[in-house]
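Asker: With the hints as a guide, bring the two chains together.
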Amino acid sequence: MSPSGLRRPNDPPLLILVSLADGPKHGHALAKDIEDFAGVRLGPGALYGAITRLAERGLIEPFGSEDRRRPYRITPPGSAALAAALADMRRVTRAGLARLGLDPA
Amino acid sequence: MKPASLLRWYPRAWRERYGGELAALIQDDLDEGRPAWRLRLSVIGGGLRERGRQTRHATAASLTSPAWQNRWGTIVLAGLICGFLAGDLTSPLSAAPRGWQGVALDAVLAAVAVTGAVVLADGLLALPALVKFLRAGGGPKIRRRAGWAAAATVAAGGGLAGLVLVSGSHPPAQLNASWAYWAGVLVTGLAMAAAIGLWAAAATATARHLTLTPRVRAAQLVLGAVIPTAVTTMLITLALWWSATQDSLTMLVLAAANLVAVSAGTPGKIRRAVRRGRRLRSAASGR
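The listed protein sequences correspond, in order, to chains A and B. 1 is the number of the first residue of the first sequence in this note's numbering; add one for each residue after it. 1001 is the number of the first residue of the second sequence in this note's numbering; add one for each residue after it.
Honestly, the hints are just simulated from the structure, not real lab data. These numbers come from a predicted model, not from an experiment. Yeah, the Cβ is synthetic: ideal placement off N, Cα and C, and Gly gets one too. Certain hints may be false.
For each label pair, taking beta carbons as the anchor points, the in silico distance ranges come out as [said to hold, decoys possible]:
| id | chain 1 | residue 1 | chain 2 | residue 2 | range |
| --- | --- | --- | --- | --- | --- |
| 1 | B | Ala1257 | A | Met89 | 54 to 62 Å |
| 2 | B | Ala1261 | A | Val40 | 24 to 32 Å |
| 3 | B | Leu1186 | A | Ala38 | 48 to 56 Å |
| 4 | B | Thr1204 | A | Asn10 | 57 to 65 Å |
| 5 | B | Lys1269 | A | Val40 | 34 to 42 Å |
| 6 | A | Met89 | B | Ala1180 | 53 to 61 Å |
| 7 | A | Ala80 | B | Thr1204 | 20 to 28 Å |
| 8 | A | Ala38 | B | Arg1012 | 31 to 39 Å |
Just chain B, with the same shape it has in the complex (with noise of 0.2 Å):
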C-alpha cells in the first residue's frame, strides 16, 4: 500500500497542508506492522469526513454571503420557471403566435438574447486571462467545479429534451394527469438550477485565480450589476408570457411587481458599480 496513493481521499488544500505529515504517518504504523486494511480504513473515512465538512463549509459560504443571497432565489426560480415552460415553450414556437401571445413571446426571446449577450460579454472579458491562467497549468485548480457544472448542465440538458419530446407526442390533458410528467418537470427544473447555479460558482471560484487589469474589472463590475437585473427581466418576460398563454392573472401581478423592484432597484446598483469601476480604475493609474 501507497500512503501517497491513499491521501486523494483527502481534498486538494487539506492534502497541501497535511498530506505530507499524514503519509509519514501512515508509513509509520506500517512500519510497525498495522494491518494495512485498518490503516486504509481510517484514512479513507476521515478523508471522506473531510470532504463532507468542506462541502459543508462552502455551501454556508456560499448561502450566506452578501453576494449570493439575492442570486440563491433567482437561480432557483430560473431553473423552476426553465422547467415549467419547457414543454409549453414548444407550441408557441411551432405555431404562428398572435396578439399578446406573440408580443410576450418576442419579449422572453429578446429578454434570453440580451441575457445571453451580457453573460457572453461577461465572460468575453475575462477570456484573455483566463486563457493566460489555463497555459500557467491551472487548469486542475477549477477542473472539478467545471465538471460538476458540466454534468449538472447535460443532466439537465437531457431532463429538457425529454421533457420536449414527450410533450410533442402527447396531448396536454394526459400530461396534466400524469405525476410522472411533473415529477420529470421538477427534476429537470431543479437540475437547470443546480446548472446555472453550479456554473455560476464556477464561474466565482475561476475569477479569484486570474489577473484581470483595472480597465476589465472596472467592466466587469458594471456587468455583475447589469446580470441579475437581465436574469430578472427574463423571468419577468417569461411570466407574461405565461400569463398571456395562460390567462393566468397571478403571472401577471408576479410579473408586475417584479418589474417594479427591478425598475426601483437596478439604477442604483449600476450607478454605484460605475462609481467603484471610476475608483478602481483612478487608483491603478495612481490619479
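Just chain A, with the same shape it has in the complex (with noise of 0.2 Å):
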C-alpha cells in the first residue's frame, strides 16, 4: 500500500478524493459525481466508510454546512496524497501502454 493508503484506481478513497480537488460536496453529490466519471456507484456504507478513513487521516475536512448535507473538501495533505496517487498510476499506465506498443511516450 502507498503512504497515502490509495491503492487502486476504483478505490472509494481516492475516487471521493478525485471527485474533491474540483471544489466541495456533500455525500450525494460525491456520489453523483464518482458514477459520471468513474462508472462507480458507491453504496451509503462504502461512501462514508471512505469518507471517515479520509478525516481521520487529515486528508478531507468538513466544510461549512449545509443543513443535515454536511460538505467536505480536500485538505493540502489530500492534495498531496491524489497527486502522488495519481503519479504513480500515470507511472504504470504508460508503462503498460509503450509496452503494448499504444503509446511510444
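Answerer: Rendered as C-alpha cells:
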C-alpha cells in the first residue's frame, strides 16, 4: 500500500479525493459525481466508510454546513496524497501502453 | 424504510459524528428511487465494518497501553488458575485440611478476602460519583460494556458450577482421563479471564465519565497500586496451596519467584502512588 493508503483506481478513497479536487461536495453530490466520471456507484455504507477514513487521516475535512448535508473539501495533505497516487498510476499506465505499442512515449 | 433505524448498525460514537449526514444521503438515494434492499445492504455492511474497526482499535489500545500491559498476563493467569482449581478446591473445603495444606488453604481464603475487600473499597469510593452519573442519565454510555461483562460472568459462573458438580460426582481418575472435562476446565478458565478483563475494562471506561474529588482520586491511586499486588498475592497463595496438595515443586518455585517479584516492586509502586496523590490534592487545594 502507498503511504497515502490509496491503492487502486477504483478505491473509494481515491475516487472521493478526485471528486473533491474541483471543489467541496456533500455525500449525495459525491456519489453522483463519482458515478459520472468513474462509472462506479458507491453505496452509502462504502461512501461514508471512505469519508471516515479520509477525515481521520486529515486528507479531507468538513466545510461549513448545509442542513444535514455537510460538504467536505480536500485538504493540502489530501491534494498531495492524490497527486502522488495519480503520478504512480500514470507511470504504470505509461509503461503498460508503451509495452502494448499504443503509446511510444 | 426509515434511514434513522438503519443507523443502529453503526457504533454510537460514529453515529453522533456522521449519523445525520448518512441519514440524509440514504434519504436522497431513496428519493431517487434506488432499491431499498441495496441501500440496506450497503449500510449494514458499512456499519459492521465500522464496528469491527472500532473493536480492533479498542482492543489494540487496551493491549498496548502501558497501564494494561502488566495486567493482561495477570488477568489471564488468574482466570486459568481459577478454572483449573475449580474442581480441586471443593475437596479441601469439605474435608478437614491439616498441616501445610490447611495453612495454604487459609492463606488462599485470606488473600481472596483481602483482594475482594480492596477491590470493593475501590468501587465504593467511586460509588457516589457513579450514582450521580447514572442519575444524570449516563446509563446508556456504559450499558453495553457492563452487559458484555455480565454475560461473561454468567458464562464463567455456569462453567464453574458445572465443573464443581462434575468433579463432585466423578472419581479423579475418570476426570483426568476425560478430554471433555479438561476442555471444560480450559473454557471456564478463559471465560473467567474474559469476565475479569471485561469488568476491569468496563470499570476503566466508566471511570472516565465520573467526576471524582481530589481526595477520592488520591485514594484510588493508592488502591490502584495495591490491587495488582493483591491479585498477584492471591495467585501466589493458590500456587502454594496447589504445591502443598499436589506435591508440586514447580508450583512452589513459581510461587517463590512471584513472591520475590512482588516484594521487590510493590513498595515503590505504592510510594509513587502516594506521592502522586499528595500532589493531586495539593494542586486541587491551590497550595
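Asker: When you take the CB atoms of Met89 (chain A) and Ala1180 (chain B), is the distance between them in 53 to 61 Å?
Answerer: With a Cβ separation near 57 Å, Met89 (chain A) and Ala1180 (chain B) satisfy 53 to 61 Å, so the hint holds.
Asker: Could you say whether the range 34 to 42 Å given as a hint is met by the Cβ separation of Lys1269 (chain B) and Val40 (chain A)?
Answerer: 56 Å, violated
Asker: Given the hint of 24 to 32 Å, is the C-beta distance from Ala1261 (chain B) to Val40 (chain A) inside that range or not?
Answerer: 58 Å, violated
Asker: Given the range 54 to 62 Å, decide if the beta-carbon distance of Ala1257 (chain B) to Met89 (chain A) lies inside it.
Answerer: 58 Å, holds
Asker: Do Ala80 (chain A) and Thr1204 (chain B) keep their Cβ atoms within the hinted range of 20 to 28 Å?
Answerer: Because 38 Å falls outside the window, the suggested range is violated.
Asker: Determine whether the Cβ-Cβ distance between Leu1186 (chain B) and Ala38 (chain A) falls within the hinted range of 48 to 56 Å.
Answerer: 52 Å, holds
Asker: Go ahead and decide if the range 31 to 39 Å is satisfied by the Cβ distance of Ala38 (chain A) to Arg1012 (chain B).
Answerer: Given range 31 to 39 Å: holds, Cβ gap about 33 Å.
Asker: Mind checking the hinted window 57 to 65 Å against the Cβ distance between Thr1204 (chain B) and Asn10 (chain A)?
Answerer: 41 Å, violated
Going through the hint list in order, the structure does not satisfy hints 2, 4, 5 and 7.
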